[in-house]
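If you want the building blocks of each chain, they are given just below.
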Amino acid sequence: MLSTEDDILRAAEGWRREGRAVALATVIETWGSAPRPVGSHLVIDGDSRFLGSVSGGCVEGEVITEALDVIADGRPRTLEFGVADETAWRAGLSCGGRIRVFVERID
Amino acid sequence: MRLETLTALNAERAARRAALIVTDPEDGGQRLVRAAEIDADPLADILRERLRSGRSGLGEGPDGRPVFVAVHVPPVRFVVVGAVHISQALVPFAAQLGLDLTVIDPRTAFASPERFPNVRLIAEWPDKALEVVGPLDAYTALSALTHDPKIDDPALIAALRADCAYIGALGSRKTHARRVERLREAGFDEAAIGRIHAPIGLDLGAVSPAEIALAILAQVVSTLRKGSDKPRDAAPAGA
Chain A
11 MLSTEDDILR
21 AAEGWRREGR
31 AVALATVIET
41 WGSAPRPVGS
51 HLVIDGDSRF
61 LGSVSGGCVE
71 GEVITEALDV
81 IADGRPRTLE
91 FGVADETAWR
101 AGLSCGGRIR
111 VFVERID
Chain B
5 MRLETLTALN
15 AERAARRAAL
25 IVTDPEDGGQ
35 RLVRAAEIDA
45 DPLADILRER
55 LRSGRSGLGE
65 GPDGRPVFVA
75 VHVPPVRFVV
85 VGAVHISQAL
95 VPFAAQLGLD
105 LTVIDPRTAF
115 ASPERFPNVR
125 LIAEWPDKAL
135 EVVGPLDAYT
145 ALSALTHDPK
155 IDDPALIAAL
165 RADCAYIGAL
175 GSRKTHARRV
185 ERLREAGFDE
195 AAIGRIHAPI
205 GLDLGAVSPA
215 EIALAILAQV
225 VSTLRKGSDK
235 PRDAAPAGA
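Residue numbers (the numbering used here), protein chains in the order written: chain A, 11 to 117; chain B, 5 to 243.
Quick caveat, the hints were computed from the structure, so don't treat them as lab data. From the three backbone atoms N, C-alpha and C, an ideal C-beta is built for every residue, glycine too. Possibly wrong hints are sitting among the right ones.
[To be verified] To give an idea of the interface, some chain B residues facing chain A are shown, with a C-beta separation under 7 Å as derived from the structure: (1) L7; (2) T11; (3) N14; (4) P29; (5) S60; (6) G61; (7) L62; (8) F72; (9) A74.
[To be verified] Per the computed footprint, the stretches of chain A lying under chain B, defined by three or more beta-carbons under 8 Å from a beta-carbon of chain B, are: (10) 18-25; (11) 37-51.
Taking the hints into account, I'd like the entire structure generated from these sequences.
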């Protein structure tokens, strides 16, 4: 309600209209202490520029890498991050929570 | 997401109408459901509950498939009546919180751009100013801070009629008791009048204008997020 997700979605639309390749990442589920609420967005373009946040910085790098794959093949993916996951070694949530992030291309 | 869907969603948001994006995370299937279209939707019950709570989330459709519903409600506007010292302190706090702030005061000595350089300022009586702001709605918070019933009362009445998300009024208990009398005479019942937070602000023991501004915004956030300004511990069981 007090967020600026609105601006991120407007940016996503604007970037796409400029002809940039764009992916949208959305937090769809959280367990335990997650840094960003369900519905939070990260928008990524084909040059790895991004706006917004899905984890307050913990896993953004990983999400951006995956987003570039989504941009390349157009297939949406659901990513999961957290201490209970082997990805914790690469990109974990230090707060001990777990999140699922849906990444899709803007077509 | 298709660009048309994103564009339509952004159009709804720009028009201050609630909308939902329904996504099947397994196959990426997706659609936009405008608030007015919920009743006709196959997932009407799920969507209605999501919109009511304002919370996006993952659930299960009637066919057992996962369904993610993203709730998009308009950004909250904050209308402050009274270009007073407290309002000056409110400006930077409200900006940090992402509240879309408008300050209204017909007294041009108060409502001067020098005193309020970085915020939308309307030097008109509330009735006229609210025409400029656009209709008050359930995604608007309003605080009346002038201490002058001629200015505060019409704004409070408009906020009560529009069922604003938060309504607050500055003034002592005594001042508020007189206000309650006037509102009763204007035809409002106890339940409606009880929606006005007065004395305004969470009880922080605030003294300075900035502290009072903080107390008001803390109460606004609490009301928007929890539907109440009561501490979590004091909430009744199951609430």
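Now the hints, each set against the structure:
| no. | hint | in the structure |
| --- | --- | --- |
| 1 | L7 | 5 Å, holds |
| 2 | T11 | 6 Å, holds |
| 3 | N14 | 5 Å, holds |
| 4 | P29 | 5 Å, holds |
| 5 | S60 | 3 Å, holds |
| 6 | G61 | 5 Å, holds |
| 7 | L62 | 5 Å, holds |
| 8 | F72 | 5 Å, holds |
| 9 | A74 | 5 Å, holds |
| 10 | 18-25 | holds (count 4) |
| 11 | 37-51 | holds (count 5) |
Hint compliance for this structure: no hint is broken.
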